[in-house]
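A.B. asks: Chains as they are written, first to last, in numbering that gives the first Met the number 0: chain A, 0 to 400; chain B, 0 to 541.
Please keep in mind that the hints were generated in silico from the structure rather than gathered at the bench. Here a beta-carbon is modelled for each residue, glycine too, at the ideal position from N, C-alpha and C. Misleading hints may appear alongside valid ones.
Computed spacing ranges between beta-carbons, pair by pair [claimed, not checked]:
{"#": "1", "chain 1": "A", "residue 1": "Glu108", "chain 2": "B", "residue 2": "Ser521", "range": "11 to 21 angstroms"}
{"#": "2", "chain 1": "B", "residue 1": "Thr505", "chain 2": "A", "residue 2": "Pro328", "range": "58 to 68 angstroms"}
{"#": "3", "chain 1": "B", "residue 1": "Gly534", "chain 2": "A", "residue 2": "Pro188", "range": "16 to 26 angstroms"}
{"#": "4", "chain 1": "A", "residue 1": "Arg56", "chain 2": "B", "residue 2": "Gly534", "range": "40 to 50 angstroms"}
{"#": "5", "chain 1": "B", "residue 1": "Met494", "chain 2": "A", "residue 2": "Asp342", "range": "37 to 47 angstroms"}
{"#": "6", "chain 1": "B", "residue 1": "Gly386", "chain 2": "A", "residue 2": "Lys123", "range": "32 to 42 angstroms"}
{"#": "7", "chain 1": "B", "residue 1": "Lys523", "chain 2": "A", "residue 2": "Lys123", "range": "47 to 57 angstroms"}
{"#": "8", "chain 1": "B", "residue 1": "Met494", "chain 2": "A", "residue 2": "Gly124", "range": "51 to 61 angstroms"}
{"#": "9", "chain 1": "B", "residue 1": "Met494", "chain 2": "A", "residue 2": "Ser66", "range": "45 to 55 angstroms"}
Here are some, though not all, of the chain B residues that point toward chain A, as calculated from beta-carbon distances under 10 angstroms [unchecked claim]:
{"#": "10", "residue": "Val296"}
{"#": "11", "residue": "Gly386"}
{"#": "12", "residue": "Gly388"}
Residue-level listing of the chains:
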Amino acid sequence: MAKKTTPKPAPEKTPKAATKKRSTLLDLSRTPAMKKLTGQAEGIYGDIKSGRRPSLRIPIRGLSNVSFSPRKGFFTIGDKVSKRTLSYQTVKPFAQSVRMMAFSKNLIETDDFASKREVYYTAKGSAKRGSEPGSAGWGPAAFKEQDESDAIMDDMEAMVGVNREQLGFIPAEQNGSVAGELIVIDIDPATGKKIEIDCTAFGRGSYSIPSRVEGLEFRTSAKFVLAVETAALFERLNGHAYWRDGKCIITAMGGVPTRANRRFVRLLADACKLPVYIFTDGDPYGYCNIYRTMKVGSGNAAHISEFFCVPHAKLIGVTPQDIRDYSLPTHPLEDKDKKRAQDAIKNDPFFKNNKPWIHALQDMVKMGVRVEQQAFAARGLNYVLETYLPEKLKRPDKMLP
Amino acid sequence: MAKKEKTVQAPVGEKAVAPVRKERKHIHETAESMAARQRDISVSEFFAKNRHLLGFDSPRKALLTAIKEAVDNSLDACEEAGILPAIIVEVKNLGRDRYIISVQDNGPGIMKKQIPNIFGKLLYGSKFHRLKMSRGQQGIGISAAGMYGMLTTGKPVEIISRTGKGKPAHHFRLQIDTKKNKPEIVSDTEIEWDADHGTKVAIELEGKHMQGRQSVDEYLRQTAIANPHVLITYLDPNGATIIYERSTQEPPAHTQEIKPHPLGVELGVMQAMLKETRARNLAGFLQNEFSRVSKRVAEDICAAAELKPGASVSRMGHVELEKLMEGITKTKIMNPPTNCVAPIGEEQLVRGLGSVVPADFYASTTRPPAVYRGNPFIIEAALAYGGQGQEADGPARVLRIANRVPLLYQQGACCSYQAVVQTNWRNYGITQPRGGVPQGPVTIVVHMASVWVPFTSESKEAIAAYPEIEDEIIKALQECGRKLKIFLSSRKRDMDAQRKQDYISTYLPHIGIGLRELLGLSEKEEHKVVETLTGLLERHRE
């Protein structure tokens, strides 16, 4: 590994002690994942040895098994468990889960990783290579569609109770772009040496958040992080270098933010003690799916939400009140939008007891309209960055918690 | 035929046409001119012109019908004589559309003097004048077949018959005088014949031999199903010999001949019966000529008809006749006896079906006797499900049989077929398109046995849809369906268990592999895991 390298952008010249490194909360080593995997396997093996049908105990993933405490600020998974005892009906997914665990163990041992799609294909490999543990195909136990392998993987992640990346599985997604006065300190995969990445130096382009963000360090003089829903608005802000005047770091979530995106924003905010503002469309999807996931996590991955959310984030806009304040052009709410809002008020542990949010969602349903964040173009192309954002930043009371 | 036209067209039709003139005026007929051409039409002549009524409309169908008539006669004769039938059917091609068909039986033979009438005269027979379950009904069939042969080839019908060992074998060559409906004996000799007793009839005719649903081959196949006690040897035109062995040695139960039931007699028949009876008075007539009419019932009928029991039969006029018919419908009369109808039998039907249609499952039902219009009848149904030979997703085959005779034509018009369509087969685990026969590897057999099967036409191809008959057929089919359902669901259970077994043996080894890799198990331990789990899952089956 250790290979001599020519000097790269010097890592040592961090002048100020602005590299506010904090404990990352998340144990990076893959040892605990390994321990949990073998622990589960021993449980199964123990059952078999004593003549019982073994069971997999998989925490139920979904809002019904999630609780939210305002004090902690993120979703925590409940103790509802689906117990899958080996039977004729469950023998296939059971076998797939066990093989998935073995595959993960192999990834950890060889310090490798695999994308969801790669896992899907690995299982389809030739079953003849039976002697090579972890990499042999699974024959009839292989997956027909990637959906199946994804579901098994998600279940396994919840079962083992660690984050997917620790198991060696990485999502192959677009994790969003970053621009602004920020230096990201990463490791060059070729040399193993630290390198500094200047997020102002991408011209009209931007820095892409990698899939594995643990261990990144940051240096910045920015005052806050602005996460926007759409790539189009990011383009506008970046195209006018809004981050320079606004003294901020901007990132595009591209819809519901991926885990890496959330983790990146969280690491960055924690490391540099920056406030985080979220800018979505003014509609139930923007609030209930995008903002909620960024702030407190998702029901589906509540077991790891603690690390994959930004509890102090706030919604800068577009709020229902903004529609009135800025006389924005709107679209009528569809039935499914209304349903989504009402559902959130009733069932979403985050919104359920959150008065300002209940008020806002009810307000929106009553108005019967939604608004897109690009609607500010109706007031002039750059109105959003010249007027709207500066005004809202001065009025934190007009943001939603 | 028309004789007097001297000019132009000589139409066979009704109207004479005037000599061609300029203004072409019709000369109207007079009663006299018409009378000159009015005369008897012989039955033979009528059928010679309307041969389709008897099932000789196409060469292909004619070949089948001729064989069918001969076989029907042979089987009837054998059974009446209490002989287990063994018949030999031969179809020989003489080139192009010329065929010779011959049917030989081991029956009782025919008395010499009867041979010409039976084969050379239409409507001559023993079966029309009685009510007894038999294949033939009218006494038209075989002579019509001979006549068809004569009309198309000009060749006489050949008959050989011997009534017993030591008796001479007579060889006749007959033609039919169609005008007089009388046999013409071309030759009559005594010959050497290797059969002890029996009859052989050979007809040369214009025909067409084809395979398929309406072929001679299919007819014989179905005859074997409906008559498991018959041995059929078939020499087909290609030189092949097909033998349908008996699947039972038991001849069909003997059936009684019965008198007509009052409710089954129509006005015209009643009139004829009145003319022929030997009884003097009305009550006596009713008692003597009908079944289920006692003295008491006869009196009841007369009372209901407002006629005197002592009224003279010969002086019954039309008004009285109508009154009598009405009186019959008003009187409560016991159903006719049912010992005159013999079913094939559930077991025998399955044997017959099994010897011809190999299948995984058979079911059959014989319904109790029922009555339509005074005629007793019994419905039977059977089905064969599955097996290599049956098409898995085609429509079911429906075999219709009447008094042990397969019906091959006019399926759609037949009450049996309609009943199959009306039965809801989906209840019994087979698919069925709306308004159609069920789909799947099934052969369905419907048999109607009766002293009088109500065919829709003389060619005996379809059973008329009397509600009583249709009802019974549906009930019989439903009973078979229920049996099939039990079979199908138990088979499904077995298949499920098998699938489960396969499933378990497919996936369990992977739990072994996974645990070995996770825990570093030895190969022995891995095998033990799979073994233990197999045992656990087999004991536990949900």
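A.B. asks: Confirm or reject each hint.
C.D. replies: The hints, checked one at a time:
1. A:Glu108 to B:Ser521: 11 to 21 angstroms: Between Glu108 (chain A) and Ser521 (chain B), where Cβ atoms are some 19 angstroms apart, the hint holds.
2. B:Thr505 to A:Pro328: 58 to 68 angstroms: Check passed, 59 angstroms falls within 58 to 68 angstroms.
3. B:Gly534 to A:Pro188: 16 to 26 angstroms: violated, 50 angstroms
4. A:Arg56 to B:Gly534: 40 to 50 angstroms: violated, 23 angstroms
5. B:Met494 to A:Asp342: 37 to 47 angstroms: This hint holds: roughly 44 angstroms between Cβ atoms.
6. B:Gly386 to A:Lys123: 32 to 42 angstroms: holds, 39 angstroms
7. B:Lys523 to A:Lys123: 47 to 57 angstroms: The hint (47 to 57 angstroms, Cβ to Cβ) is violated, given that Lys523 (chain B) and Lys123 (chain A) are roughly 29 angstroms apart.
8. B:Met494 to A:Gly124: 51 to 61 angstroms: This hint is violated: roughly 32 angstroms between Cβ atoms.
9. B:Met494 to A:Ser66: 45 to 55 angstroms: With Cβ atoms ~47 angstroms apart, the hint holds.
10. Val296: Since chain A brings no Cβ nearer than about 69 angstroms to Val296 (chain B), farther than 10 angstroms, the hint is violated.
11. Gly386: At 30 angstroms from the nearest chain A Cβ, Gly386 (chain B) fails the 10 angstroms test, so the hint is violated.
12. Gly388: With a minimum Cβ separation of about 33 angstroms from chain A (threshold 10 angstroms), the hint on Gly388 (chain B) is violated.
Figure legend: structure checked against the earlier numbered hints; hints not met, in rising order: 3, 4, 7, 8, 10, 11 and 12.
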